[in-house]
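Participant: Residue numbers (the numbering used here), protein chains in the order written: chain A, 1 to 313; chain B, 314 to 790.
Hint data in this document are derived by calculation from the structure and do not stem from the laboratory.
For clarity, every value in this text was computed on a predicted model and none was experimentally measured.
All residues carry an ideal CB built from backbone N, CA and C; glycine is no exception.
It is possible that part of the hints are untrue.
Unchecked claim - From the structure, some residues in chain A lie toward chain B, with a derived Cβ separation under 8 Å:
| # | residue |
| --- | --- |
| 1 | 41 |
| 2 | 111 |
| 3 | 164 |
| 4 | 259 |
| 5 | 275 |
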Amino acid sequence: VLRFIVKRIAATVPVMAVVALFVFSLLYIAPGDPAAVIAGDQASPADVERIRQGLGLDRPFLVRFGEWFWQILQGNLGTSIFTALPVSGMIAQRIEPTLSLMVVTLLLAVSVGVPIGVVAAWKAGSLLDRVIMGFAVLGFSVPVFVVGYLLAYVFALQLSWLPAQGYTPISAGIGPWLENLVLPAIALGLVYIALIARVTRATMLDVLSQDYVRTSRAKGLSEGPVLFVHALKNAAVPIVTVIGIGVALLIGGAVVTESVFAIPGLGRLTIDAILRRDYPVIQGVVLLFSFVYVLINLLVDLLYTVLDPRIRY
Amino acid sequence: VVRNAAALVWDTLYGLDDKLVPQRQMAESEEVSADGLTWTFKLRPGLKFHDGEPVLAKDVVASLVRWSARDPMGLMIRAIQNELVAVDDRTWLWSLKKPYPKMLLALAKNNAPCSFVMPERIAKTDAFTQITEYVGSGPMRFARSEWVPGAKAVFERFADYAPRSEPPSWLAGGKRMLVDRIEWIIMPDPATASAALQNGEVDWWENPITDLVPVLSKTRNVVADIADPLGNIGSFRMNHLHPPFNDPKVRRAVLTALNQEDYMRALVGDEDKLWKALPGFFTPDTPLYTEEGGEILKMRNLEAAKKLLAESSYAGQPVVCVVAQDQPITKAFGDVTADLLKQLGMKVDFVATDWGTVGARRAQKTPPAQGGWNMFHTWHAGADCLNPSSYTAIRANGDKAWFGWPDSPRVEAAVTEWFDAPDLAAEKAAMAKLNRAALEDVVYAPTGFFLGYQAWRSNVKGIVKGPLPFFWGVSKA
Chain A
1 VLRFIVKRIA
11 ATVPVMAVVA
21 LFVFSLLYIA
31 PGDPAAVIAG
41 DQASPADVER
51 IRQGLGLDRP
61 FLVRFGEWFW
71 QILQGNLGTS
81 IFTALPVSGM
91 IAQRIEPTLS
101 LMVVTLLLAV
111 SVGVPIGVVA
121 AWKAGSLLDR
131 VIMGFAVLGF
141 SVPVFVVGYL
151 LAYVFALQLS
161 WLPAQGYTPI
171 SAGIGPWLEN
181 LVLPAIALGL
191 VYIALIARVT
201 RATMLDVLSQ
211 DYVRTSRAKG
221 LSEGPVLFVH
231 ALKNAAVPIV
241 TVIGIGVALL
251 IGGAVVTESV
261 FAIPGLGRLT
271 IDAILRRDYP
281 VIQGVVLLFS
291 FVYVLINLLV
301 DLLYTVLDPR
311 IRY
Chain B
314 VVRNAAALVW
324 DTLYGLDDKL
334 VPQRQMAESE
344 EVSADGLTWT
354 FKLRPGLKFH
364 DGEPVLAKDV
374 VASLVRWSAR
384 DPMGLMIRAI
394 QNELVAVDDR
404 TWLWSLKKPY
414 PKMLLALAKN
424 NAPCSFVMPE
434 RIAKTDAFTQ
444 ITEYVGSGPM
454 RFARSEWVPG
464 AKAVFERFAD
474 YAPRSEPPSW
484 LAGGKRMLVD
494 RIEWIIMPDP
504 ATASAALQNG
514 EVDWWENPIT
524 DLVPVLSKTR
534 NVVADIADPL
544 GNIGSFRMNH
554 LHPPFNDPKV
564 RRAVLTALNQ
574 EDYMRALVGD
584 EDKLWKALPG
594 FFTPDTPLYT
604 EEGGEILKMR
614 NLEAAKKLLA
624 ESSYAGQPVV
634 CVVAQDQPIT
644 KAFGDVTADL
654 LKQLGMKVDF
664 VATDWGTVGA
674 RRAQKTPPAQ
684 GGWNMFHTWH
694 AGADCLNPSS
704 YTAIRANGDK
714 AWFGWPDSPR
724 VEAAVTEWFD
734 APDLAAEKAA
744 MAKLNRAALE
754 DVVYAPTGFF
764 LGYQAWRSNV
774 KGIVKGPLPF
784 FWGVSKA
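If we strip away everything but chain B, and leave its shape as in the complex, we get (with noise of 0.2 Å):
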């Protein structure tokens, strides 16, 4: 959600479009030395902050500090950085001890945390502090004084933005507004949003729930429609640390076991289009999609799961499963999970409870028996899985990785072929070795692709599918 609005008030320095390419944005023009260890950015000119304050290479320089030692891939380009100058008003230099071919990426990507320009006062704040002032250069401004924590945010048109000539296409292109004021509503209650939209008190609803969409495709004067194509990846993690699951043979038997189908029919029901088996890691219909290694989870096979368990070091102990039951898509998948490890002759301590315990708890190195846990269930965005750039919950690098430990050194060789692949060919090479690695090793288990649905009145012109709501090019008649 603070991306979303983020992503209205300040702007980036690229953006990706909707073919996944980074596009310029504030940037005007870059140069990379032939060694490839020199950047030189220029920003267009022009660009003005909502205080009125012009934007500058030294307000660059301190947002891309700031952003740096907290974005993943900023934090590779840290650990290779020879300095990163503003060179005058309008340039700077990022100079690197070795070449980075995923600059433009990184500086593009829209997966949180972007690398947002604000200006230098502001990024100077310390990284793990959020800041207190909101002042950027995108196409609105946040309208401070309406705003109410939790219940509603207002954006106003910013006349001074300066939106680039191309037409818009996600991130990238002249983002114009064609609206003075959106007003950002939060109703936690999806009955209550579905009826305001319904009785045109709202124009466009993020994210309706599945079991909604029917009543609201039949309401005269509303449009429902996929939102995001790059969709979700559903998942579940085992904890690497400790039994049953720090023995591969256990992790692969539940992988084995799995059937996808029943996780993704417990969330979306019967809409067939809404769901898609993934034999992978990787986010279905893009450019470096594979299915390499997937086989363990085209055909679910119980019998040899049971087998595999029984060669396994499995004693006998409950599984602490973890799963909050205030999310619908976590509960659907704890049920099914639950069941399958019960099919699969396995002990289940099924703790229900809420997504902030869960992300407590999850944290939690310890013993199961000791306040930690075996699994919890969560999703990914498809954004986050287009390749490993910002893909947290892919990476094996033991203590360093996301919750669950997963340790696993094809893994991460992997990944580091895929960050210096020089072309596209040499990634898909990469993420094929990933794919299959991540699946050998489980680093965790997919549990399906899964898309979600958005809806607006029909007097709403312009509404794009996108990994985020883009309101620039939306109108209202």
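Next up, chain A with everything else stripped away, as it sits in the complex (with noise of 0.2 Å):
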């Protein structure tokens, strides 16, 4: 196992080369000037161009991809053209309220997404089964900003219950860091919870047909054990799955949900950079999703032989 750990890390190494050339590469190509940004809607041309040498940005392609793949290399993302701080630096600054905000989501949404997958099975073709599987469209068909700005107001104008928007971090105690949480977890986790929901209702249907459930259900178990160690063990595989690639709809959802939110994360990070042509900041920003993406699957992977005995690598 220890050498397939190696061996899968070490694949990561071309996979994250191939996507900083395509990153850079989109980028260069991509309309819009860093430049003409930082100059402001007043500068001269002059001053732009003044500004764009001054960064760089009318140096040959090769040359400024070389610059910038020989710095990654090295460890060193760059510097921001626009706050000129380390990339790396302000990365660090925004890892937590994402991190935060994943995990929570996750959290929230394996716990409710694989129990009501599991019920919805479990009463299948029921008014249960079609209340979940009914949630589970809604889950998926609602935007997270509307689930967003439905919560807040619910939740924060009208009851008063919990704050708008924010971040707070975790050092300033579990119960102020969790109480900004609450909404954005529940609008980014909906459509992650249909997702969970439907694929092990859809897993657990057809593990509750095999031989195996029947056998203990006549030798006397009841329906829980039943349901959540014998089906569900069998049916995690493709649940882990799910849940793996779900990460990567987190990702993306977490870009919105911190917008609407305003919680101060690598998602508004990535915008930010986006619309400002911050080209360091967004190769920065995107390589770490891509590494975090690849070491999920990974994780994945490795999962999937404690689960299934069967599988090895």
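Work from the hints to combine the two standalone chains into their complex.
Facilitator: As structure tokens, then:
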């Protein structure tokens, strides 16, 4: 297994190199000019040109890519064009809110999505099943920002139970930290809950028709252990896969959620960087997200061996 | 945004008050020689930077050198400068080759770049390179450790700040801070900002969108009012380098067909108090405002416009109209312009894009078919349009002019006349000539004057209307 892990981590290097080239090339051909944004609306064309030269944006593609790639190899993500701060520092500053949001959302989604998926499969065809699947369709269909605004309106403005925006670091206490994350996590988690519930239901339906389930019931086991111990364990591989895939959904959703709830995380950093054409920041964040995604896929692959002893690498 | 934050951290030698008159701020006195060629300034005693060092004349000189390399008025002074030197710790001298009557306005204006004073070692940074140390002598110090770029900036009261004794008036007078800490939170979403203000999570919202103001006005403990009486001037610029707008007749045809009410309604809806027709280029209700030559904008005449277009060199080519969709103002203006051009009988190539792309594309001088453009929309802060001093968009000096590169010697002559004007009457005469010439040559197309709102919690007192948020004199119960 250790050899597999090392091999997989080593395999991320060419993946990251391709991502780096792809991101850099896309940004190079994309319209927009950070020099124009920095210069401001009243700047003269000569000012813009001078800033562009100062930033080295007038140099050829290969020179700029080579310089940036060399920096990356040395572990340096570069400096923000707009703030003149190191990109790694800016990312470090923003990582806690995003990580917090993703962890709370993930816990919420798994703890809600899996049980309701199991129940829906158990009561397949019943009213309860239809209600759960109806909820799942709703979760898929309603955009994150609509859910976000509705939650903020009801729970922040009308009931004053929770704040409408912002983020409190975990160092200020679990209570205040969680208070700011409840609404964003529900808004972001809805689509994820729907996805997990549907996959869990479909997989469980298949497993529940297996002979060993009938046997365990015949042996007198109650429904709880049958569903959650025997059946769910055997349905776990596709569910874990979809949880892993869903992290990509979370990353995309976090960008919108952080804007709606004014959370100073990586999602907002990405949007701001794109609007300002702050190339080093965009490149740094995309590289980080790609790396995280590759690692999560690795983790999912490793979990397969735990969940299904037949799988070996 | 940077200018607004900077006004807390850095102080200026002079400050423009709410009557638009330059007043002494860090400066204690000034003397100008009888021939108008030598200015001798003196600093107020007891001024300190946030690092505890005293503010000295050498810091002022270095700051003015940096500022004058970038600012349009600074560049004019630099062009006629003999020397700029510190005479002693509190005195500096600026000698010129010809008189510059607008010296105090240049040092007091609130348009970026402002002549902020910083320590000499920082001011010596190349004028086109961002400074990395934020040490000023203003009433608040920047809490850099709490800065989350794009999300939050924190300012703490500077205990050693020495305010003037006069009452505060915009950037002039005593900048007394009544709060110890300002948390400046950036919220990208207006609905979130509105909820935060209604919920009491924030105290003051700088720029609520018009659509949300009725909700805010109905909320208990929230007050909404006009933010800046100087407002904004909407505009679209035509590219004078390429057909069809290289022909003044085509530009005049567009201006003749233009109805400013269409633009303003698209932006502010039915709120009549938020807009005014603007038959000219300068901020209404200010001392130098003029409507000279504004007849062309006072009454829309589509038939006359079509006739003018028929007499012009327009050959049916598409007008490449670049419109930023991520800015509500330019989006609204762009939709109206597309309709206007079609009514006029012109073909439109509507390029819907974002502001970042507009910023890059408008700098292209190539023909529209090769990545250039014919038209883009923007707006100008009314504070920038009081006179020609900081009004980059009104200049018509060809290659050196703002995007669109208008070339009109008579506009430039009127600008020079204003700079040289010795008194208010002469300034007004120059402004009238300038307004007429800029309209006749259609430097750009003004789409109207509009105002915006600000909103705050009712326990916050002392908020004034102005071109930037002034935090001095503001208290929170």
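Participant: Confirm or reject each hint.
Facilitator: Consistency of the hints with the structure:
1. Hint on residue 41 of chain A holds. Least Cβ distance to chain B is approximately 7 Å, under the 8 Å limit.
2. Hint on residue 111 of chain A is violated. Least Cβ distance to chain B is approximately 27 Å, over the 8 Å limit.
3. The beta carbon of residue 164 of chain A is positioned within 8 Å of a beta carbon in chain B (closest approach about 4 Å), and the interface hint is therefore held.
4. A hinted interface residue such as residue 259 of chain A counts as satisfied when its beta carbon comes closer than 8 Å to some beta carbon of chain B; here the least separation is about 5 Å, so the hint holds.
5. This hint holds: residue 275 of chain A has a C-beta 6 Å from the nearest C-beta of chain B, less than the 8 Å allowed.
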